[in-house]
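This is what each chain is made of:
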Amino acid sequence: MRTSLVSNFLAVILFSLGPVLFAKESSGETGGPQGTKEEIREYIAHHLQDSHDFSIASYTDASGEVVHWGFPLPVILWDNGLKVFSSARFHHGETVAEVGGNYYRLYHSKIYKTDAGGTIRYDEDQHPVNQKPLDFSITKNVVMMLVTGLLLFWLFTGMARNYGKNNGIPMGIGKFFEPIVLYIRDDIAIPNIGEKKYSRYMPLLLTVFFFIWFLNMFGLTPLGVNVTGNIAVTTALALIVFLVTNFTGTRDYWKHILDPLGDGMPWFGKLIIYIILVPIEILGIFIKPFALLIRLYANMTAGHVVLMSLIGLIFIFKSWVGGPLSFGLSFAISLIEVLVALLQAYIFTMLSALYFGFASEEHDHGHGHEHEEPELANL
Amino acid sequence: MEIPSVIGAGLAVIGAGIGIGMIGGRAMEAIARQPEAYGKIQTAMLIAAALIEGIGFAAIFAG
Chain V
1 MRTSLVSNFL AVILFSLGPV LFAKESSGET GGPQGTKEEI REYIAHHLQD
51 SHDFSIASYT DASGEVVHWG FPLPVILWDN GLKVFSSARF HHGETVAEVG
101 GNYYRLYHSK IYKTDAGGTI RYDEDQHPVN QKPLDFSITK NVVMMLVTGL
151 LLFWLFTGMA RNYGKNNGIP MGIGKFFEPI VLYIRDDIAI PNIGEKKYSR
201 YMPLLLTVFF FIWFLNMFGL TPLGVNVTGN IAVTTALALI VFLVTNFTGT
251 RDYWKHILDP LGDGMPWFGK LIIYIILVPI EILGIFIKPF ALLIRLYANM
301 TAGHVVLMSL IGLIFIFKSW VGGPLSFGLS FAISLIEVLV ALLQAYIFTM
351 LSALYFGFAS EEHDHGHGHE HEEPELANL
Chain B
1 MEIPSVIGAG LAVIGAGIGI GMIGGRAMEA IARQPEAYGK IQTAMLIAAA
51 LIEGIGFAAI FAG
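Protein chains in written order, with the UniProt record's numbering: chain V, 1 to 379; chain B, 1 to 63.
Read the hints as simulated data drawn from the structure, not as lab findings. Certain hints may be false.
Below, a list of computed lysine to any residue pairs in the SDA-like style, where the Cα atoms sit at most 20 Å apart [as the list claims (entries may be wrong)]:
{"hint": "1", "chain 1": "B", "residue 1": "40", "chain 2": "V", "residue 2": "183"}
{"hint": "2", "chain 1": "V", "residue 1": "288", "chain 2": "B", "residue 2": "47"}
{"hint": "3", "chain 1": "V", "residue 1": "288", "chain 2": "B", "residue 2": "43"}
{"hint": "4", "chain 1": "V", "residue 1": "110", "chain 2": "V", "residue 2": "42"}
{"hint": "5", "chain 1": "V", "residue 1": "165", "chain 2": "V", "residue 2": "153"}
{"hint": "6", "chain 1": "V", "residue 1": "288", "chain 2": "B", "residue 2": "51"}
{"hint": "7", "chain 1": "V", "residue 1": "288", "chain 2": "B", "residue 2": "48"}
{"hint": "8", "chain 1": "V", "residue 1": "288", "chain 2": "B", "residue 2": "49"}
{"hint": "9", "chain 1": "V", "residue 1": "197", "chain 2": "V", "residue 2": "363"}
{"hint": "10", "chain 1": "B", "residue 1": "40", "chain 2": "V", "residue 2": "354"}
{"hint": "11", "chain 1": "V", "residue 1": "288", "chain 2": "B", "residue 2": "62"}
{"hint": "12", "chain 1": "V", "residue 1": "288", "chain 2": "B", "residue 2": "58"}
{"hint": "13", "chain 1": "B", "residue 1": "40", "chain 2": "V", "residue 2": "342"}
{"hint": "14", "chain 1": "B", "residue 1": "40", "chain 2": "V", "residue 2": "190"}
{"hint": "15", "chain 1": "V", "residue 1": "113", "chain 2": "V", "residue 2": "153"}
The task is simple: from the sequences and hints, build the whole structure.
Set out below in structure tokens:
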């Protein structure tokens, strides 16, 4: 009864708001709705990308000039020799930077080598064909990763020192982090890797978990960074997991991939199955970290796109409804994103631990067939 | 006639959604039946959901 009352009430409000919502849009004051949508789309695309300067906000002032809040970052190029200069010389892509006789220009957050006039030539698909120098710049993402790394180092070394001083009782921020560290040890590492070998992987699991979690949380702050939503970053993380998995792989891990059915079957029986099975197992080595990198990247990117689109609603509605509506929706999504930030860090760590568990498995060869049992229980 | 890839991506995401919904529902039934196994069920549920989610995202990117 009450729910139907509430939903009726909401329906009445929504319908009565309809004309208000779209009245202004149809009149199309500045640029029209199409222009606004295009601008929002461009803004979101720009936010998702890495950038050469750390800009917090920008706006157009009364005289029509674009004012940027933020600071430039160093640009490091390798183009017949090392070239280091400040990204302030690009003026947010508006001017050409001249360094040692060469001219560089920012175009869609990428650096291209140009002539003195800054012309960029395109091929038939509107892609620039200018030469791109090797770019080792300290970009926004790199800065955030360095900051997170230093923050983690400072936090956890401080905690470790406190444990030593305080006879193993956590102090301060350690009271918050101790249960999380213990959870990763007792509920992620030990069940998946096993009592015997888990301690080898603990440093990596903890680092990966806190690194991803902190970066995810930084992505929700108004700093406007999107580090874990950058496919290069997640690729690097997954590559580390891939290398560790395969370099710590035991004899049994490789035997499981190349000879999955074991000794219980004569070779002529295995031959037909193995033509299909072994390639799949070998592909699996690469698909597992690939799924890791895509999952983290796609989740964080999707979260950022949804959040920024909801904020963009304000500019699409152009009426008093837009503000509260956009605020309410983006507030709710932000809360979900806080959960997702933790969940994605957890999933990444969890699946890494699972793969490490596969890699470090060791069967008891004395029992023949029975050795399949504990492995299934692990899953 | 050529079917737009976006429609295929949408269908794949519907499938992933149904899959994750079934996992969540079954996990709840399992927890209701055996509340003491809550932790283990939750872990297994999250892993399975994450794997399906990966397929959903792969479809979105292909579409």
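Checked hints:
1. B:40 x V:183: holds, 13 Å
2. V:288 x B:47: holds, 13 Å
3. V:288 x B:43: It holds: about 18 Å lies between the C-alpha atoms, which stays within 20 Å.
4. V:110 x V:42: holds, 15 Å
5. V:165 x V:153: holds, 18 Å
6. V:288 x B:51: holds, 10 Å
7. V:288 x B:48: holds, 14 Å
8. V:288 x B:49: Holds - the C-alpha atoms of residue 49 of chain B and residue 288 of chain V are around 15 Å apart, at most 20 Å.
9. V:197 x V:363: holds, 14 Å
10. B:40 x V:354: holds, 14 Å
11. V:288 x B:62: Holds: residue 288 of chain V and residue 62 of chain B sit about 18 Å apart, inside 20 Å.
12. V:288 x B:58: holds, 13 Å
13. B:40 x V:342: Holds: residue 40 of chain B and residue 342 of chain V sit about 18 Å apart, inside 20 Å.
14. B:40 x V:190: holds, 13 Å
15. V:113 x V:153: violated, 38 Å
Against the hints set out earlier in the document, a violation occurs for number 15 only.
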